[in-house]
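Throw the hints in and build the complete structure from the sequences for me.
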Amino acid sequence: MVKELRAISLAKWFHPPSGVIKLNWDAAVRPSSEFISVGSVSWDEVGVVVVAFSKCVQGHFSAENSELIAIREELHLVSRLGFDMGLVECDASRVSQGLNRPYLAANALLFQDVKSLMININCGFYHYILPEGTKWPIN
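Using our numbering, the letters of the sequence shown correspond one by one to residues 93 to 231.
Hints were generated in silico from the structure; no laboratory data involved.
Errors might be hidden in some of the hints.
Here are the simulated DMTMM-like cross-link-like pairs (lysine to aspartate or glutamate), alpha carbons at most 25 angstroms apart as the crow flies [as the list claims (entries may be wrong)]:
hint	residue 1	residue 2
1	Lys147	Glu165
2	Lys207	Asp176
3	Lys147	Asp118
4	Lys147	Asp183
5	Lys207	Asp136
6	Lys207	Glu156
7	Lys147	Glu126
8	Lys147	Asp205
Here are the simulated distance ranges between beta carbons [to be verified]:
hint	residue 1	residue 2	range
9	Ser154	Ser110	31 to 39 angstroms
10	Asn214	Ser125	31 to 39 angstroms
11	Pro109	Gln150	32 to 40 angstroms
12	Cys148	Gln204	20 to 28 angstroms
13	Ser124	Leu173	31 to 39 angstroms
14	Val138	Ala200	34 to 42 angstroms
15	Ala155	Ser208	21 to 29 angstroms
16	Pro123	Arg172	29 to 37 angstroms
17	Asn214	Gln150	25 to 33 angstroms
18	His152	Asp176	29 to 37 angstroms
Nothing here was measured: the structure is a model prediction, and the numbers come from that model.
Using N, Cα and C, we set each Cβ at its ideal position, and we do this for glycine too.
Below is the structure:
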């Protein structure tokens with residue numbers, strides 16, 4: 093069961109609870125390009141990077157599907173490495189909303205993949221943040 097946390101605007105980086113790894117991801121879409129760029133970083137409670145990746149994916153995708161591809165790629169990586177991920181943080185409102193709804197859209201299989209992977213790595217929560225609140229950890 094994946095539970096939604098309420099949306100908040102952050103003034104600084106929001107660290108996960110002790111012993112929990114937090115995943116942030118993003119995607120970049122340029123309509124004139126043959127590729128999208130996706131990437132993510134997973135942090136521990138003090139801001140140490142545990143897992144990170146970036147890559148280009150060939151094809152034309154909507155912003156929403158690009159975000160879903162980004163998180164799916166990171167969740168696959170985290171699963172292969174054997175990590176448990178406690179918290180996924182998202183600044184894409186439609187993705188956040190879609191994770192909490194039945195799969196009826198054209199991209200329902202992408203949502204289903206993401207939710208299945210979240211369950212597989214014991215990720216019980218996702219957290220929606222307003223885009224202007226996204227901050228990097230500063231020690």
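So, going through the hints one by one against the coordinates:
1. Lys147 - Glu165: Holds, at roughly 9 angstroms.
2. Lys207 - Asp176: With Cα atoms ~14 angstroms apart, lysine 207 and aspartate 176 stay inside 25 angstroms; holds.
3. Lys147 - Asp118: holds (11 angstroms)
4. Lys147 - Asp183: At roughly 19 angstroms apart (the allowed maximum being 25 angstroms), aspartate 183 and lysine 147 satisfy the hint.
5. Lys207 - Asp136: holds (22 angstroms)
6. Lys207 - Glu156: holds (15 angstroms)
7. Lys147 - Glu126: holds (13 angstroms)
8. Lys147 - Asp205: holds (19 angstroms)
9. Ser154 - Ser110: 31 to 39 angstroms: holds (37 angstroms)
10. Asn214 - Ser125: 31 to 39 angstroms: The hint (31 to 39 angstroms, Cβ to Cβ) holds, given that asparagine 214 and serine 125 are roughly 35 angstroms apart.
11. Pro109 - Gln150: 32 to 40 angstroms: Since proline 109 and glutamine 150 have Cβ atoms about 38 angstroms apart, the given range 32 to 40 angstroms holds.
12. Cys148 - Gln204: 20 to 28 angstroms: At roughly 24 angstroms between Cβ atoms, glutamine 204 and cysteine 148 fall inside 20 to 28 angstroms, so the hint holds.
13. Ser124 - Leu173: 31 to 39 angstroms: Holds, since serine 124 and leucine 173 (Cβ atoms, about 35 angstroms apart) stay within the stated range.
14. Val138 - Ala200: 34 to 42 angstroms: Check passed, 37 angstroms falls within 34 to 42 angstroms.
15. Ala155 - Ser208: 21 to 29 angstroms: Holds - the Cβ-Cβ distance for alanine 155 and serine 208, about 22 angstroms, lies within 21 to 29 angstroms.
16. Pro123 - Arg172: 29 to 37 angstroms: Cβ of proline 123 to Cβ of arginine 172: about 32 angstroms, so the range 29 to 37 angstroms holds.
17. Asn214 - Gln150: 25 to 33 angstroms: Given range 25 to 33 angstroms: holds, Cβ gap about 32 angstroms.
18. His152 - Asp176: 29 to 37 angstroms: Since histidine 152 and aspartate 176 have Cβ atoms about 34 angstroms apart, the given range 29 to 37 angstroms holds.
Consistency note: the structure conflicts with none of the earlier hints.
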